[in-house]
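*Asks:* So you can see what is in the structure, the chains are spelled out below.
There are 2 protein chains.
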Amino acid sequence: MEMFTYEKALEQVKQEINQALTRSPRMIREYLTHLTLSQGKMIRAVSVLTAALDQDGYCSYEAIRVAAAIEIIHLSSLVHDDIIDNADLRRGHETLQKKYGKRTAVICGDYLLSLALKMITNLEHKNKYLEIQIPDYISKLCLGELNQHINNHNLDLSMFDYIKIIGGKTAALFEASFFAGAVITGESQKNCKKYAKIGYYIGMIFQLMDDCMDFETTVETMKKPVQSDYEQGVITLPLIYTFFQKPEFARKAKVEGISRNEINQAVEDAKGLGYTRSIVTRYYKKAEKLIQSLSLIAEKEDKMLSILNKSARMIA
Amino acid sequence: MEMFTYEKALEQVKQEINQALTRSPRMIREYLTHLTLSQGKMIRAVSVLTAALDQDGYCSYEAIRVAAAIEIIHLSSLVHDDIIDNADLRRGHETLQKKYGKRTAVICGDYLLSLALKMITNLEHKNKYLEIQIPDYISKLCLGELNQHINNHNLDLSMFDYIKIIGGKTAALFEASFFAGAVITGESQKNCKKYAKIGYYIGMIFQLMDDCMDFETTVETMKKPVQSDYEQGVITLPLIYTFFQKPEFARKAKVEGISRNEINQAVEDAKGLGYTRSIVTRYYKKAEKLIQSLSLIAEKEDKMLSILNKSARMIA
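Chains A and B, in that order, are what the protein sequence lines are.
Each residue of the first sequence is one higher than the last, beginning at 1 in my numbering.
Each residue of the second sequence is one higher than the last, beginning at 1 in my numbering.
Each hint should be verified, as a subset may be incorrect.
As the list makes no split between identical chains, a pair holds if one copy fits it or if it spans any two.
[As the list claims (entries may be wrong)] Here are the simulated BS3-like pairs of lysine-lysine, each with C-alpha atoms no more than 27 Å apart in a straight line:
hint	residue 1	residue 2
1	Lys197	Lys289
2	Lys118	Lys164
3	Lys118	Lys128
Derived by calculation from the structure, the hints in this document are not laboratory data.
Let the hints inform the model, and build the full structure from the sequences given.
*Replies:* As structure tokens, this is what we get:
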């Protein structure tokens with residue numbers, strides 16, 4: 001069985017994704033090719049590959065396929081997200097739903113999902129696919145999305161419910177990524193569960209830091225987002241905590257409405273970002289401890305910690 | 001292993017579907033329960049169960065699960081279809097997208113798909129799942145939908161392209177149903193391919209007869225559809241053939257537009273329905289021959305022929 005260094009594997013993932021998108025039937029190719037424009041840092045693929053590294057620091061072609069498939073599942077969820085959010089831009093590029101219409105975007109998202117599932121079910125060791133339980137994670141992802149949608153503009157959203165939402169919306173696919181990597185490389189069931197938990201924590205950190213950034217970029221006006229989370233009806237932890245600390249501000253939000261400046265001031269006064277970061281720290285320490293408990297080779301441990309640090313925006 | 005008579009199995013499929021829908025997490029249950037209202041005759045589930053009957057006329061619990069899952073995949077595609085078609089009603093009931101909005105419907109369709117995949121991947125004999133290749137069929141379904149959407153209002157659509165569209169849009173899931181049933185009951189690879197072909201032919205017949213009915217119900221004004229296929233931009237075989245026979249009528253359609261009455265008259269003059277039925281007959285004979293070549297027990301052969309006849313609307 002051919003084995004790949006991490007760097008070569010990551011390169012191969014990019015190729016697999018591009019091939020899957022550009023070798024699709026002609027009629028759908030144009031739409032899918034458009035998506036390759038707005039590809040990000042592939043942190044989910046990086047997670048699969050890292051979790052799949054063996055004792056010599058190599059990973060198998062199966063890990064590459066699964067990494068590509070999970071990125072495509074992520075892509076599929078973004079395509080449907082953009083319909084739900086009526087978004088025009090993603091990472092500076094026109095969204096599929098804006099460019100080709102919602103109808104085409106619904107089908108393209110469905111097609112991408114089936115494409116990813118096809119890639120995984122065609123693994124050489126087919127049984128691995130069943131252990132990875134991708135459909136379970138897709139369900140969790142959907143339920144997270146739905147839960148967020150239902151709670152759009154809900155100013156009474158509790159911290160508990162919020163944690164549940166992002167646990168599905170964001171953390172589920174990170175969990176799937178680490179879990180899949182561990183299953184592929186043949187880790188024990190006990191260890192696979194540890195990897196899954198690490199993935200969950202990293203996903204939570206990733207989302208909570210994103211939530212903080214939404215306030216920071218507004219304050220610093222470094223990158224001016226078209227609409228803040230709040231303006232889109234998405235109530236995140238820094239503001240939930242602020243409402244909890246300042247019930248009179250929550251009442252004002254319901255009765256009179258609150259401006260972007262008022263929100264930023266209130267979040268600052270209530271230390272909403274500090275509180276959110278303290279939750280991040282809690283997840284960070286749990287993840288760190290779990291990673292260290294796995295007795296990994298130095299390269300793998302470093303890479304796992306590096307993903308953790310990236311999710312916490314501690315390194316670029 | 002507990003085995004079920006056909007009747008008991010079909011009853012069980014209904015229960016499995018209802019359980020899957022109503023035992024989903026609370027937040028999505030309301031939407032899914034709404035769907036149980038507009039359940040049809042479950043011809044896909046009937047196909048799976050029939051194809052899965054063994055030499056004694058029994059089928060396994062696995063066949064029941066797969067039958068329920070394929071019906072749920074069909075349901076998922078209907079939910080997304082209704083978004084694409086902006087449909088208000090389906091089988092007399094308000095659609096999900098009309099009642100709860102397109103956003104909710106996008107997510108519910110995704111969730112249903114993941115639910116169906118979960119049901120199949122949890123089969124006792126997991127390897128069966130991989131043989132059934134459900135993701136391949138979902139891809140075909142998506143491509144058929146997309147192809148139809150791209151060719152909406154395309155008056156130059158060729159017969160060849162039309163056959164390709166309905167081969168994905170409708171026939172793919174019928175093919176999957178018969179193929180899955182045969183795989184589950186342990187048929188040889190050669191026979192499984194025969195079952196798949198039978199399913200494909202039946203799906204084609206089902207759709208072509210539906211296309212004919214769209215004209216007939218208009219003419220007879222028995223059930224008046226809100227909008228005919230043509231008014232929705234869907235060009236079907238009877239009209240494609242009519243355009244082919246009457247190029248001047250095709251030109252008129254492009255330049256001046258054509259009314260419902262003119263279409264019906266032209267289709268009648270050109271014998272568009274007769275031509276479509278001749279194609280149906282061709283598929284019918286192929287399917288009949290294949291069914292007879294399988295040397296089935298009388299009960300199973302009768303049931304297979306009965307599905308074929310139902311698809312051709314030869315029996316109620």
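*Asks:* So, against the hints stated earlier in the document, which numbers end up violated here?
*Replies:* Result: no hint breaks.
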